[in-house]
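Trainee: When you get a sec, could you build the whole thing from the sequences and use the hints?
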Amino acid sequence: MSILVNKNTKLVVQGITGRDGSFHTSKMKEYGTNIVAGVSPGKGGQTVHDIPVFNTVEEAVAKTGANTSIIFVPAAMAGDAILEAADAGVELVICISEGVPTLDMVKATNYLKKKNVKLIGANCPGLITPGEALVGILPGNIFKKGNVGLMSRSGTLTYEMVNQLTTNGIGQSTCIGIGGDPVAGLYYQELLQMFEDDPDTDAIVLIGEIGGDAEERAAQFIKEKITKPVVAFIAGQTAPPGKRMGHAGAIISSGSGTAAEKIAAFEAVGVPVARRPVEVPELIKQKLAAIGK
Amino acid sequence: MKIHEYQAKEIFSRYGIPVTNETVCYSVAEVIDAGTKLGLPVVVKAQVHAGGRGKAGGVKLARTQEELKAAAEAILGMDIKGYKVEKVLVAQGVKFNSEFYVGMTIDRNTKSVLFMASAEGGVEIEEVAKENPDAIHKYSIDPDLGMTDFLARKIAFGLFSDFNLVKQAVSLFKKLYQIFIDTDASLVEINPLVITDEGKLLALDGKMNFDDNALYRQIDIEKLNEPTADELKEIEAKEKGLSYIRLDGTIGCMVNGAGLAMATMDLIKHFGGNPANFLDIGGSSNPRKVVDAMNLLLSDKNVKVVMINIFGGITRCDDVARGLVEALDTMKTDIPVVVRLSGTNAKEGLEIIHKANLPVVQTMSQAAQEAIRLCRDCNKA
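Chains as they are written, first to last, in the working numbering: chain A, 1 to 293; chain B, 1001 to 1381.
No wet-lab data here; the hints were simulated from the structure.
Please read these numbers as outputs of a predicted model, since none were measured by experiment.
Even for Gly, the Cβ is constructed at its ideal location relative to N, Cα and C.
Just so you know, not all the hints are guaranteed correct.
Stated by the list, open to error - In the DSSO-like style, the derived pairs of lysine-lysine whose C-alpha atoms are separated by at most 27 Å in a straight line are:
hint	chain 1	residue 1	chain 2	residue 2
1	B	K1304	A	K243
2	B	K1081	A	K243
3	B	K1154	A	K113
4	B	K1154	A	K243
Unchecked claim - One side only, chain A facing chain B, incomplete, derived with CB under 8 Å:
hint	residue
5	A76
6	P101
7	T102
8	T109
9	N110
10	I137
11	I142
12	G146
13	T156
14	V183
15	A235
16	M245
17	V278
Mentor: Below, the structure written as structure tokens:
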């Protein structure tokens, strides 16, 4: 089972002829992801790593049956690329591109909602169901198949966490980097619900960071809807207010969005929060042991 | 990116939103000249990228020539939250009877532009939000529809009962939304929006912030950018693909990825150290970037030790190691460096580091503790 991507994923890569698109296509293919098509306007008819390239996503979907799209195009074109993928009828779009204007994302998320198409990102590392499909730029070798679902606003911090889990013998069902921008696709609540409904997931790790109130809302949602154990970590516990820490979303403004507030929100609903990354595997082990898994 | 009040009001004015008659001045003589031309009383307002100007004494009413001169002398050159006041806005005094707040921002939860309106204008909206959240009316705007007439009317009726004011407000709200969209704003505020004694709506103050990701298509807005010295350093870093924010500690950090960089800072603090910066070298494999990053770190004279924490994904550890060795060869610094490499090509990277006789640690916890041990001067924050 797992969530969102698996052996049945048929992937189209938008921006496959670009430097990043081409490189990560080879990495994903190497991992075993079923990549059926690429798209690069004006380069239809070519192949990249033996994958056929089309001029439009519509054509790629019609000829290959692609059901998932990953986007590597430059930020200025990424909003339009998301719209194109949704219009062509894929079920899930993953946008890796960094620096997409916020109003482009407002337009794109609104259109995808109407089309009932799911989006992950932008500005995210993608996702992986270990042993089945890697759709993104995550280093596949650190993951291990298992029963812990993981979601994170950060990229490399996710790798750090996964590495801790894997080296402690804890495998993962699906790991998702949801991206660090203010307006993004699927977020904690939708993903928590998917993990709750997934029979292969027994526990959930949520990695948040400063800025916004998504973690506080997630805590409330966990209290109301989630029965599976959740463990959290919040990056930016010592970040000063008013400074944007790399991610457009990672800023403490007007005294809200602090790590302390987020940690308190989780602990208030019984979700333990690791103060250091190294504490996460131990907390997960305790939680799994408590439910006999 | 932020702009000044007078710049925001120039944009408002271009779209037909009524603002006060006003002049920007850079010297006491200019203030006196502007005040005389506009006619007293005038309000002299500091133009800095910091909130709370009024409380800091950066806004003064001048009814006489003496008061005007005194206000100009007091405010020009004043320091407001670390910003030196280099220019002031001299605005014609306006008689008004009530103050409102209107603003727009991006709402992460509804993924749309959020319009906020309140009859409690003239005070900081954050305070209203904290003490009386029901006093702020919020409306999500459907991006396909924009600010429709009916929505603008609904918002206006929430603030005014006089239909003449409602009509003015509808026109103003539609213009304000258009400004937000046209300029890729992230925040637009009129606080206060006042009703003058003549019964006209007028923007007494204005504030705008912009989406940094969209500046590439907002050339005219980008020209208004006035970065501080610290911000200049951040911009310079950004041009090299680095995300840098200076802090006040002694342990320089070089990390790939924003989340991991924050977690690294947290860990240093946890063990009793003090990070000198946030530095995300991003996801590229260019050794040159590491050289630039080292230069940037060591340009901060507070830095006593450098801690490098890399988890390779796209970033390849051997490239980072090569960049680091090259940087240390050319820079001839005696500042100690602690290196932790994991992930893609870590083994190759560690061999390079080992050959260069640099200390290597296995985990980020060990790296933080070793950095703190080496940094004798910074054992307590």
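Trainee: Of all the hints given earlier, name the ones this structure violates by number, lowest first.
Mentor: 4 and 12
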